[in-house]
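I would like the entire structure built from these sequences, with the hints used as guidance.
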Amino acid sequence: MKTNVSPAKGDNNLVAYVACAGAAAGKARAAEFESCAALVEAGFKRGECKSGCCGIGDCIKVCKQDAMKLENGKIVIDAEKCDGCGDCAAEGVCPQHLIHMIPKDATNFIPCSSTEEDDELVRKTCGFGCIACGECERACPEGAVHIVDNHAVIDYDKCVGCVACMVKCKKKIIVDTIHDLTALKANVAFVKCSGDGRTSAKLKEMGIQTCQEAAKQDLKALGLCATGCLGQGACTAVCRYEAVKVVDGVAYVDPDKCVGCKDCTFACPQHLITIVPYKGQKMVACSSEDDCETKAKVCSTGCLFCEDCKSNCPNLAIYADGTHTIIDPEICEDCHVCQYVCPRNVIKEMEVPEYIFMQREALGIKEGE
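With my numbering as the guide, the letters of the sequence shown map in order to residues 320 to 688.
You may find that some hints are simply not true.
Claimed, not checked - Label-pair restraints from in silico Cβ distances:
| id | residue 1 | residue 2 | range |
| --- | --- | --- | --- |
| 1 | Pro422 | Gln531 | 33 to 41 Å |
| 2 | Glu353 | His416 | 53 to 61 Å |
| 3 | Lys581 | Asp474 | 27 to 35 Å |
| 4 | Asp575 | Gln528 | 51 to 59 Å |
| 5 | Asp437 | Glu524 | 49 to 57 Å |
| 6 | Asp468 | Thr593 | 42 to 50 Å |
| 7 | Asp437 | His465 | 18 to 26 Å |
Claimed, not checked - Heads up, simulated DSSO-like pairs for lysine-lysine below, C-alpha to C-alpha not over 30 Å straight-line:
| id | residue 1 | residue 2 |
| --- | --- | --- |
| 8 | Lys535 | Lys581 |
| 9 | Lys539 | Lys667 |
| 10 | Lys489 | Lys576 |
| 11 | Lys489 | Lys369 |
| 12 | Lys393 | Lys383 |
If you're looking for bench data, these hints aren't it; they were derived computationally from the structure.
Here a beta-carbon is modelled for each residue, glycine too, at the ideal position from N, C-alpha and C.
In structure tokens:
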């Protein structure tokens, strides 16, 4: 299995990768030591990962390309500067043997090298630690992932970047170059509909099972909202991160799991899904431009443009586009007045949790704690 390649000098097809999220190996004590080797020789204390990155930077000292730096106790590699020379991965540089030379076009990465057998101890020690559950190994259609010394390892000769391992990972620690779930993302998907589910129910009654087929129906003639969510799950089928679900006949995006990849936006035949800022922005979950009387007949949760939100906004951040309410994020100051006065609870807000979902799972934090 090829996980670490010994390159010829300056192999631009390879790049260095640190197989550790850099969260738990004696970071609080690192300043006491002159080198990573000295810290490893001194040994690790209870609650520290004995296999992790020391975060002192022995590898940085040997990098001639200035491609490595230390940020918040974590080694960060600039892939553009790295020329694949392998100096940092050479024997005797990283005492933990964490740096691997991998293909520069690789897309999936497992940032953990823990050899700990006790999965509960791994959970307590590091929120990003692999617990060797084997879900990724079983999910990989190419046989490219294996559990080695109690952590998952990718064989890049076989990996095709399908992200099956990433989706199945119980702790959501497997990342790729596009969607790093260990970092707070900037944008997420949002469904511009808060429908009451009657459209989905009627379509199922008619035997219609796909959004594409449903979109061809004369929904107005059926007494349904012609622009709302069809509830047949075209968006859920394409989401690789289990971030979109149909709840009570209407698609809902979990902003905690969504990575803003836009796959669902292309799948929706109603063009209801848009990409919005993750933090703080308020959105009106209704896309109907019908007159208010028609809206009231076909949906119990649609925006009727009663103007309560507009007239009560202290910053004049809300305006009308026909019979559709728009909130200007540049003016909105998050006072929440609009949400308080909305009689139909149509105005939604992206809320940023203290811990992202995979951190909660990894640390055993229950909802509401």
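Cross-check of the supplied hints:
Distance hint check for Pro422 and Gln531: the Cβ-Cβ separation is about 37 Å, which falls inside the suggested range of 33 to 41 Å. Checked against the hint of 53 to 61 Å, the C-beta distance between Glu353 and His416 comes to roughly 20 Å, which is inconsistent with it. The beta-carbon spacing between Lys581 and Asp474, approximately 30 Å, falls within the hinted interval of 27 to 35 Å. Under the hint 51 to 59 Å, the C-beta atoms of Asp575 and Gln528, about 28 Å apart, miss the expected range.
Distance hint check for Asp437 and Glu524: the Cβ-Cβ separation is about 52 Å, which falls inside the suggested range of 49 to 57 Å. With their beta carbons about 45 Å apart, Asp468 and Thr593 fall inside the hinted range of 42 to 50 Å. Range check, Asp437 to His465: about 20 Å between beta-carbon atoms, so the 18 to 26 Å window is met. For the given pair, Lys535 sits about 23 Å from Lys581 by alpha-carbon distance, which is consistent with the 30 Å threshold.
For the hint linking Lys539 to Lys667, the alpha-carbon distance of about 26 Å falls within 30 Å, and the restraint holds. Distance check on the hinted pair: Lys489 and Lys576 sit about 13 Å apart at the alpha-carbon level, within 30 Å; holds. For the hint pairing Lys489 with Lys369, the CA-to-CA distance comes to about 22 Å; that is within 30 Å, so the pair holds. In summary, the hint linking Lys393 to Lys383 is supported, as the alpha carbons are separated by about 19 Å, within the 30 Å threshold.
When each numbered hint is compared with the structure, violations occur for hints 2, 4.
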